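Starting from the given sequences, assemble the full structure and let the hints guide the process.
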Amino acid sequence: MEDRDFLQFIDRIKHKTGIDLALYKEAQMKRRLTSLRVKRGYHTFEGFFEAMTKNQELFNEFLDRMTINVSEFFRNPSRWEVLEKKILPRLLKEKGKVKCWSAACSTGEEPYSLAMLLTRFMPLHEMDITATDIDEGAIAKAKRGLYTERSLQDAPKDLVTKYFKKDGMVYTISDDIKRLIKFKRHNMLADAFDKNCDLIICRNVMIYFTEEAKHELYHKFAASLRTGGVLFVGSTEQIFQPQQYGFEPEDTFFYRKM
1 MEDRDFLQFI DRIKHKTGID LALYKEAQMK RRLTSLRVKR GYHTFEGFFE
51 AMTKNQELFN EFLDRMTINV SEFFRNPSRW EVLEKKILPR LLKEKGKVKC
101 WSAACSTGEE PYSLAMLLTR FMPLHEMDIT ATDIDEGAIA KAKRGLYTER
151 SLQDAPKDLV TKYFKKDGMV YTISDDIKRL IKFKRHNMLA DAFDKNCDLI
201 ICRNVMIYFT EEAKHELYHK FAASLRTGGV LFVGSTEQIF QPQQYGFEPE
251 DTFFYRKM
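In the numbering used here, the protein residues as written are 1 to 258.
Derived by calculation from the structure, the hints in this document are not laboratory data. A hint or two may mislead.
Below are the DSS-like pairs computed for lysine-lysine, each with C-alpha atoms no more than 30 Å apart in a straight line [to be verified]:
(1) LYS97 to LYS184
(2) LYS39 to LYS54
(3) LYS14 to LYS39
(4) LYS97 to LYS143
(5) LYS14 to LYS165
(6) LYS166 to LYS178
(7) LYS14 to LYS166
(8) LYS30 to LYS141
(9) LYS16 to LYS165
(10) LYS97 to LYS30
(11) LYS30 to LYS99
(12) LYS195 to LYS165
(13) LYS93 to LYS195
Quantities reported herein were computed from a predicted structural model and do not represent experimental measurements.
This is how it looks when you write it as structure tokens:
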């Protein structure tokens, strides 16, 4: 009965929102959503769904729980160093400008990290960065650009000094950097991808998807990149047999489109 309740919930969410929870790992997703349902006092997913359709705040909380919006600036700093010292110089040598996409950008730390890094290579007005997420609440937070000291612990100190204003416990990112990012809602599993990207960053989100969904997404990322473009993935998301998607490793967690 409990399984049927959850399966009906998956079906109704897909019809209402276009979000296909069946493409996420079921055990993880069910555990996270059950914990939210119980916390909010609903005995069944049917009751939880009915409440979500009437309560936008509850629906936003569902999206937050579903997508696990946990991020920091320059997460895994050694990988960002490879991006700065090896990947970006090659891309810029080939084209002069780079078209970048931060996919599943959460609350903005990743695209803002990229923008600040790119200031070391080019003038602000030459940047082309799009950042997308399925969760409009996360995008709204990203646009506000308010962060805690903890989320900045790995960010280079010179960039923090230059591009953040500290007010008590809160750091606000500068409008100069904010203006560089085009934020929009996007469902990676359902919506079309842009073309001719030079760099796609999609980190620490593929781990939540089924193998079938990952397979489809890697093909879509490859189609979205120009030849020689790069997909930058998370530190637990190494692609096995990248050649099947038209990729070759350029460095650890960086894949070049062949």
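Tested hints:
Restraint check for LYS97 and LYS184: satisfied, since their Cα atoms lie roughly 22 Å apart, inside the 30 Å limit. Proximity of LYS39 to LYS54 is assessed by CA-CA distance (about 18 Å); at most 30 Å being required, the pair is judged to hold. With a C-alpha separation of about 23 Å, the suggested pairing of LYS14 with LYS39 holds against the 30 Å cut-off. In summary, the hint linking LYS97 to LYS143 is supported, as the alpha carbons are separated by about 24 Å, within the 30 Å threshold.
Using a Cα cut-off of 30 Å, the hinted pair LYS14 and LYS165 is violated, with the two alpha carbons roughly 41 Å apart. Our distance criterion of 30 Å between C-alpha atoms is met by LYS166 and LYS178, whose separation comes to about 16 Å. A threshold of 30 Å between alpha carbons decides the hint, and for LYS14 with LYS166 the separation of about 42 Å lies outside it, so the pair is violated. The suggested pairing of LYS30 with LYS141 holds, with an alpha-carbon distance near 26 Å, which does not exceed 30 Å.
The straight-line distance between the Cα atoms of LYS16 and LYS165 is roughly 41 Å, outside the 30 Å bound, and the hint therefore fails. Taking the CA atoms of LYS97 and LYS30, the gap is near 43 Å; set against the 30 Å cutoff, the hint is violated. The hinted pair formed by LYS30 and LYS99 fails the criterion: a straight-line CA distance of about 37 Å is larger than 30 Å. Restraint check for LYS195 and LYS165: not satisfied, since their Cα atoms lie roughly 35 Å apart, outside the 30 Å limit.
Between LYS93 and LYS195, the direct Cα distance comes to roughly 20 Å. Compliance with the 30 Å bound is thereby established for this hinted pair.
Going through the hint list in order, the structure does not satisfy hints 5, 7, 9, 10, 11 and 12.
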